[in-house]
Amino acid sequence: MPLQERLRVHTLRTILKWSALTGAGRSIHCEICGRELFKGIPVVWRGRLRLLGSAAGFVRVDWDGKNTLAFRHVEQEVCKAGSR
Amino acid sequence: MTMLNVVMTHLRAPAVRDSLRYLQDIAPEARFAICHVGEPADFSELEYADKVLVDDPSFRLPPRTFQSFHETFAALYDRFVKADPTIDSLYLFEYDHMILDGRFEERIKTLAVETDADLLGKTCSERTGTNWIHYVRFRRDERLVAHLRAISVHEDPARMYGCLGNGFWLKRAALEAYLSVDEHPPCYGELYLPTLLHHLGFRVVDVDAHSTLYRHVRADGEFTLSELVRLKHEGHTFVHPYKGPSGIPALRRITESA
Numbered sequence: 229m230p231l232q233e234r235l236r237v238h239t240l241r242t243i244l245k246w247s248a249l250t251g252a253g254r255s256i257h258c259e260i261c262g263r264e265l266f267k268g269i270p271v272v273w274r275g276r277l278r279l280l281g282s283a284a285g286f287v288r289v290d291w292d293g294k295n296t297l298a299f300r301h302v303e304q305e306v307c308k309a310g311s312r
Numbered sequence: 003m004t005m006l007n008v009v010m011t012h013l014r015a016p017a018v019r020d021s022l023r024y025l026q027d028i029a030p031e032a033r034f035a036i037c038h039v040g041e042p043a044d045f046s047e048l049e050y051a052d053k054v055l056v057d058d059p060s061f062r063l064p065p066r067t068f069q070s071f072h073e074t075f076a077a078l079y080d081r082f083v084k085a086d087p088t089i090d091s092l093y094l095f096e097y098d099h100m101i102l103d104g105r106f107e108e109r110i111k112t113l114a115v116e117t118d119a120d121l122l123g124k125t126c127s128e129r130t131g132t133n134w135i136h137y138v139r140f141r142r143d144e145r146l147v148a149h150l151r152a153i154s155v156h157e158d159p160a161r162m163y164g165c166l167g168n169g170f171w172l173k174r175a176a177l178e179a180y181l182s183v184d185e186h187p188p189c190y191g192e193l194y195l196p197t198l199l200h201h202l203g204f205r206v207v208d209v210d211a212h213s214t215l216y217r218h219v220r221a222d223g224e225f226t227l228s229e230l231v232r233l234k235h236e237g238h239t240f241v242h243p244y245k246g247p248s249g250i251p252a253l254r255r256i257t258e259s260a
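Residue numbers (this note's numbering), protein chains in the order written: chain A, 229 to 312; chain B, 3 to 260.
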């Protein structure tokens, strides 16, 4: 695919993803400080749960219940600033 | 006991000289060494006794892939540490990790004692179960996991750690333990260093969990010159990243006028 076409597709995908996350994305908050980590859209695809938008945050995740995942900041400094 | 402060740089000789002069002005008691990873000609031109040239093939790989500290640590140990039992720790920082306050040594040492750290770094913490790109890359790496299983003193060899590599402090014993490992699997230094040390039984500590020393240290997003100057006036200790050529002259002017 020519470079110009690849750029066009990339830009279009970025805009679509941004629009979807802004419109339909739900806020995921840090379980420690309560601040928003990212806006995410869960998608089950090919046996995996993909969380679109999560790459925008630097996050730790673990199971908080049989069907619940809990998220938190990796960076202590950011997390502490939120809980002050 | 001595903390050896090592500036890791690829810059031309005049820029390295300026940087050294500034560091020696603000911290005359501190011992600085240069670890040059750039052109041999620039290294030769640099008239400074405490210098070493490191040519690590991993530095020529695409950024943030498999860069390691193996060669750097080995060179620093052979050149400075091995024959000098007074060196009890190493502070290794990149040229764009700006030191604004000459009391940095005392502050790092105090933090290390208070936290009983063997390795101190920015966001130096466990990365298991995170979306950090290097944890995601290496969490199922067979060679790395087998290596950690073979050397680990802990129950779970799959635990992985990370830290920013721009400026970190480590004890002599931790450096020697790292170098005592015969073979290392291909890995990225910012994951491998804290992970290996953890599994060898050392304590890795996140500066941010215990102090504000690294408040203005971040992975990306370069500081501007005006921000650098403002942070110096406000009495902060470190800033990263700042790569501009005007930074050191500006910091020197402030130091000289103070």
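Simulated from the structure, these hints should not be mistaken for laboratory data. Hints may contain errors.
Said to hold, decoys possible - Label pairs and their in silico Cβ distance ranges: (1) 254/B <-> 250/A: 42 to 50 angstroms; (2) 247/B <-> 296/A: 49 to 57 angstroms; (3) 271/A <-> 143/B: 25 to 33 angstroms; (4) 27/B <-> 237/A: 49 to 57 angstroms; (5) 241/A <-> 142/B: 21 to 29 angstroms.
Said to hold, decoys possible - Within a straight-line C-alpha distance of at most 30 angstroms, the following computed DSS-like cross-link-like pairs (lysine-lysine) qualify: (6) 111/B <-> 84/B; (7) 308/A <-> 267/A; (8) 308/A <-> 111/B; (9) 308/A <-> 245/B; (10) 245/A <-> 267/A; (11) 245/B <-> 173/B; (12) 173/B <-> 84/B; (13) 173/B <-> 53/B; (14) 308/A <-> 53/B.
Here the structure is a predicted model, which is why all the values come from computation and not from measurement. Beta carbons: idealized from backbone N, C-alpha and C, even for Gly.
Hint check results:
1. Look at residue 254/B against residue 250/A: about 46 angstroms separates their beta carbons, and that is inside 42 to 50 angstroms.
2. In this structure the hint that residue 247/B and residue 296/A lie 49 to 57 angstroms apart at CB holds, the actual value being about 52 angstroms.
3. As the Cβ distance of residue 271/A to residue 143/B is approximately 27 angstroms, the hint placing it in 25 to 33 angstroms holds.
4. One distance hint, 49 to 57 angstroms for the beta-carbon pair residue 27/B and residue 237/A, holds here, with the actual separation near 54 angstroms.
5. One distance hint, 21 to 29 angstroms for the beta-carbon pair residue 241/A and residue 142/B, holds here, with the actual separation near 28 angstroms.
6. About 21 angstroms separates the Cα atoms of residue 111/B and residue 84/B, which keeps this hinted pair within 30 angstroms; it holds.
7. For a cut-off of 30 angstroms, the pair hint linking residue 308/A to residue 267/A stands: about 21 angstroms separates their Cα positions.
8. For the suggested pair residue 308/A and residue 111/B, the alpha carbons sit about 23 angstroms apart, so the restraint of at most 30 angstroms is met.
9. With a CA separation close to 28 angstroms, the supplied pair residue 308/A and residue 245/B stays within the 30 angstroms bound.
10. Annotation: proposed proximity of residue 245/A to residue 267/A holds, straight-line Cα distance about 11 angstroms (limit 30 angstroms).
11. As the CA atoms of residue 245/B and residue 173/B are separated by approximately 28 angstroms, the hinted pair is consistent with the 30 angstroms bound.
12. Distance restraint check for residue 173/B and residue 84/B: the Cα-Cα separation of roughly 13 angstroms lies within the 30 angstroms cut-off, and the hinted pair is therefore satisfied.
13. With a C-alpha separation of about 20 angstroms, the suggested pair residue 173/B and residue 53/B falls inside the 30 angstroms cut-off, and the hint holds.
14. In summary, the hint linking residue 308/A to residue 53/B is not supported, as the alpha carbons are separated by about 39 angstroms, beyond the 30 angstroms threshold.
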